[in-house]
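Engineer: Sequence:
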Amino acid sequence: MLSKRAWRWPGGDLAKQEDIESLMRDKEIEVFVGSDSHMLGGQWVFATVIALYRPGKGGKFLYCRDNVTKSNFRHLQQRLTEETIRSLEVASDIKESFGREPEVHLDLSASTHKSSKYVKELTAMVGAYGFRCQVKPDSWVSSTLADKSAR
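Each residue of the sequence shown is one higher than the one before, counting from 1 in the working numbering.
Please note that a few of the clues may not be correct.
[As the list claims (entries may be wrong)] In silico lysine to any residue, SDA-like type, Cα no more than 25 angstroms apart, as pairs:
1) Lys27 / Met39
2) Lys136 / Ile85
3) Lys95 / Ser22
4) Lys148 / Arg54
5) Lys148 / His113
[To be verified] Label-pair ranges, simulated between beta-carbon atoms:
6) Gly99 / Lys4: 13 to 23 angstroms
7) Ala110 / Lys16: 16 to 26 angstroms
8) Glu121 / Lys57: 18 to 28 angstroms
9) Glu101 / Lys16: 21 to 31 angstroms
10) Phe98 / Pro55: 17 to 27 angstroms
11) Glu101 / Gln17: 28 to 38 angstroms
12) Lys117 / Gly58: 17 to 27 angstroms
13) Met39 / Lys117: 14 to 24 angstroms
14) Ala128 / Gly99: 18 to 28 angstroms
15) Gly130 / Arg65: 37 to 47 angstroms
In case anyone wonders, no lab produced these hints; they're calculated from the structure.
Here the structure is a predicted model, which means the values were calculated and not measured.
For glycine and all other residues, C-beta sits at the position ideal for the given N, C-alpha and C.
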């Protein structure tokens, strides 16, 4: 899955597969995955991010983007579920390929926002795959990095 996507560095340059593999093999690096989406030009733009953090030394991130026809996601629940599935696909591939278990960040609010009614359902989905999960305000990968990468 990772090799089948066009992963990019924040500046837009394509990431080389060997660079990604080298980072994934570094056991000092913590791995996080998150997705977000925005409506741009009549299409939904989905961005999925892999964030790599070395405690005390900073981090890096990569992203991939996909455009999807607007009519495919008429309801918020469909779009949030799609974001979750995209994150789970990448997290599962990282686990299978590199033996790493990334933390999955969902762009959901546990408070009174529109997305709050889907928190239990979507966090349970992530948990069923065996991954740790964060929602806002702790889901910095989806709510910050993926959010900016989808714009």
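Engineer: For which of the previously enumerated hints does the structure constitute a violation, in increasing order of number?
Structural biologist: 1, 7, 8, 11, 12, 15
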